[in-house]
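Peer 1: Single-letter residue listing:
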Amino acid sequence: MGFEKPKFKEKYENFIGGKWVAPVDGNYFEAISPIDNGVMTKVAQSNKKDVQLAVDAGWAGFESWGKTSVTERSAVLNKIADAMEANLEMLAIAETWDNGKAIRETINADLPLAIDHFRYFASVIRSESGSISDLDSNTVSQEIHEPLGVVGQIIPWNFPLLMAAWKIAPAIAAGNCVVLKPAEQTPVSILLMMEVIADVLPAGVINIVNGFGPECGKPLALNPGIRKIGFTGETTTGKLIMQYASENIIPVTLELGGKSPNIFMESIMEKDDAFFNKAIEGLVLFAFNQGEVCTCPSRALIQESIYEPFMKRVLARVEAIKMGDPLDSSTMMGAQASTDQYEKILHYINIGKEEGAELLAGGDKFENDAYPNGCYIQPTIFKGNNKMRIFQEEIFGPVLSVTTFKDLDEALEIANDTIYGLGAGVWTRDVHEMQTLTRGIQAGRVWANCYHAYPAHASFGGYKLSGIGRETHMMMLNNYRHTKNILTSYNTHALGFF
Amino acid sequence: MSTKRVESTQKTNELIDKLREKHGTELMFHQSGGCCDGSAPMCFEVGDFMVGSRDVKLGEIHGSEFFMSPEQFDYIKGTHLTIDVVEGRGSSFSIEIPLGVRFIAISRLYTNEELENLEEIEVE
Numbered sequence: 001m002g003f004e005k006p007k008f009k010e011k012y013e014n015f016i017g018g019k020w021v022a023p024v025d026g027n028y029f030e031a032i033s034p035i036d037n038g039v040m041t042k043v044a045q046s047n048k049k050d051v052q053l054a055v056d057a058g059w060a061g062f063e064s065w066g067k068t069s070v071t072e073r074s075a076v077l078n079k080i081a082d083a084m085e086a087n088l089e090m091l092a093i094a095e096t097w098d099n100g101k102a103i104r105e106t107i108n109a110d111l112p113l114a115i116d117h118f119r120y121f122a123s124v125i126r127s128e129s130g131s132i133s134d135l136d137s138n139t140v141s142q143e144i145h146e147p148l149g150v151v152g153q154i155i156p157w158n159f160p161l162l163m164a165a166w167k168i169a170p171a172i173a174a175g176n177c178v179v180l181k182p183a184e185q186t187p188v189s190i191l192l193m194m195e196v197i198a199d200v201l202p203a204g205v206i207n208i209v210n211g212f213g214p215e216c217g218k219p220l221a222l223n224p225g226i227r228k229i230g231f232t233g234e235t236t237t238g239k240l241i242m243q244y245a246s247e248n249i250i251p252v253t254l255e256l257g258g259k260s261p262n263i264f265m266e267s268i269m270e271k272d273d274a275f276f277n278k279a280i281e282g283l284v285l286f287a288f289n290q291g292e293v294c295t296c297p298s299r300a301l302i303q304e305s306i307y308e309p310f311m312k313r314v315l316a317r318v319e320a321i322k323m324g325d326p327l328d329s330s331t332m333m334g335a336q337a338s339t340d341q342y343e344k345i346l347h348y349i350n351i352g353k354e355e356g357a358e359l360l361a362g363g364d365k366f367e368n369d370a371y372p373n374g375c376y377i378q379p380t381i382f383k384g385n386n387k388m389r390i391f392q393e394e395i396f397g398p399v400l401s402v403t404t405f406k407d408l409d410e411a412l413e414i415a416n417d418t419i420y421g422l423g424a425g426v427w428t429r430d431v432h433e434m435q436t437l438t439r440g441i442q443a444g445r446v447w448a449n450c451y452h453a454y455p456a457h458a459s460f461g462g463y464k465l466s467g468i469g470r471e472t473h474m475m476m477l478n479n480y481r482h483t484k485n486i487l488t489s490y491n492t493h494a495l496g497f498f
Numbered sequence: 001m002s003t004k005r006v007e008s009t010q011k012t013n014e015l016i017d018k019l020r021e022k023h024g025t026e027l028m029f030h031q032s033g034g035c036c037d038g039s040a041p042m043c044f045e046v047g048d049f050m051v052g053s054r055d056v057k058l059g060e061i062h063g064s065e066f067f068m069s070p071e072q073f074d075y076i077k078g079t080h081l082t083i084d085v086v087e088g089r090g091s092s093f094s095i096e097i098p099l100g101v102r103f104i105a106i107s108r109l110y111t112n113e114e115l116e117n118l119e120e121i122e123v124e
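Protein chains in written order, with our numbering: chain A, 1 to 498; chain B, 1 to 124.
Extracted from the complex, chain A is given alone in its bound form (with noise of 0.2 Å):
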């Protein structure tokens, strides 16, 4: 089954102010399709101006959003998600030209899962509280929950819609207005989103300003006019943009990146059940969204005792991963998101070749014939050993680095030998080894006995250079706001010092 391109615009202007406005400067980037290499459509290339005009229709839109009691804030969310939801087809199928991924992919994850972002913190609102504390029989304290005003997100280019909801539903939610810079390799869906909702978003609530990093990302991330910044995407820039905030002393969330392993112990091979068979699957989703992912399990580390007839399972599937036209349902792994991507990858491959890693599947590009220019690669796998550089580098390919371990010591050695900490997975059938390693290893987010799972109501983020703070699940609504304490005396008497 294959899927029509969406008829895209000639060019789209940004969202500022519940409004379509032309870039001041009325410059356009052109929007690549790393499908075909074709230009899309062309989007505006903003400046300090456009994001000036975005920062100052945030405002405007605050003095009445920050106010908007919880229900009502709740109810433009749950509508956001509503027409979102309404629209699911037309938005799957614009992600999957924007990014290359495979439709069975949007249609499946990326868009109900953001779509459930915003129902999701719709109703955390409505049912938490703040707190109040009788200090003694005459006082009492009470932590108050107020937004912080206008904030700024860049947002990556792998999961562009899903990444726009993560950092946008609990912002909003919140009672933030926000001024969102999609990536510049993905900058159209968001907008086609934008204009699904457009009718039921309060004016100012969501800006959307594209460009590129040194014009648009730098002036709003130095903007004297936000009151956080959120960031996903690689170490240097995180520093830079933690730098940017320290000048105007905001809150900064970094989510930057991983290596994470994903620990086969030998119990798995115990029986050939379906447990057996979901640890298969488990690993082969080094593949998934074209390994494109800050949690992509990049290093497996195999247990020695099984790893040769284990491996052997695991090729067999590998095998079976079927490429090819990324609009058509039965395609399994689509396109890299860019070319600048697509040849990184490609030389990390080279990299781990001359390493002396040994290759056990694929190592090349894909030749798709239904789109010759595109950027395809094959999924990919080396075994070697921790120290290598496709061991200790994110590739954000479809390449994995397997190595084996004799026991659950050196499993979480090597399993935490990496400057980065994000995600983790640990495969086992016996309850006392799955508590040693999912509490012995350091990362933010710890799947045990599965992978890739990114339900909103579980919290996610890194350990060391993977970042700083969490996004998804209710705790994220305190990155986007500040408490309020409001210490009140029914005490009549002075103190009594002076």
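Simulated from the structure, these hints should not be mistaken for laboratory data. A quick note: this is a predicted structure, and the numbers were derived from the prediction, not measured. Every residue gets a Cβ at the ideal spot worked out from N, C-alpha and C, and that includes glycine. Keep in mind that a hint or two might mislead.
[Stated by the list, open to error] One side only, chain B facing chain A, incomplete, derived with CB under 8 Å:
| # | residue |
| --- | --- |
| 1 | M50 |
| 2 | S53 |
| 3 | I76 |
| 4 | K77 |
| 5 | H80 |
| 6 | G88 |
[Said to hold, decoys possible] Label-pair restraints from in silico Cβ distances:
| # | chain 1 | residue 1 | chain 2 | residue 2 | range |
| --- | --- | --- | --- | --- | --- |
| 7 | B | T9 | A | N478 | 36 to 42 Å |
| 8 | A | E413 | B | R54 | 38 to 44 Å |
| 9 | B | G63 | A | H457 | 52 to 58 Å |
| 10 | A | E413 | B | S2 | 50 to 56 Å |
| 11 | A | S133 | B | I121 | 36 to 42 Å |
| 12 | B | S53 | A | F497 | 44 to 50 Å |
[As the list claims (entries may be wrong)] Dumping the calculated DSSO-like pairs for lysine-lysine here, alpha-carbon to alpha-carbon at most 30 Å:
| # | chain 1 | residue 1 | chain 2 | residue 2 |
| --- | --- | --- | --- | --- |
| 13 | A | K42 | A | K79 |
| 14 | A | K239 | B | K18 |
| 15 | A | K383 | B | K77 |
| 16 | B | K57 | A | K239 |
| 17 | A | K79 | A | K67 |
| 18 | B | K77 | A | K464 |
| 19 | A | K11 | B | K22 |
| 20 | B | K57 | A | K49 |
| 21 | A | K271 | A | K406 |
Since the structure of chain A is already known, use the hints to place chain B on it.
Peer 2: What follows is chain B alone, placed relative to chain A:
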């Protein structure tokens, strides 16, 4: 003569000159790690990016200093980097991105001979 750890192509030198003229200032490079746009050499105006006190200076390309974090240097130290320029858009805060080209780092392992002659650098 000792082996340089980072070198640049003619295209890189030309782009550095062009960016110096456009921005009217000296430039520097910082190699990034991680996530979407990681593992790329990023070019900034000197003074815009605060170089970390433990960051490692690998050398200079066309007169601009080239740094990376010590954690990254630790696993890249066996490889030589050549900074080149390719067509096509990148996605980061690096200042060449709006021009529709991007710097890339091509790496190769040092030969044994080169390894014996590596330029001394300071690592804490």
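Peer 1: Which earlier hints turn out false for this structure, listed by number in ascending order?
Peer 2: Per hint list: 2, 4, 5, 7, 8, 10, 11 and 20 violated.
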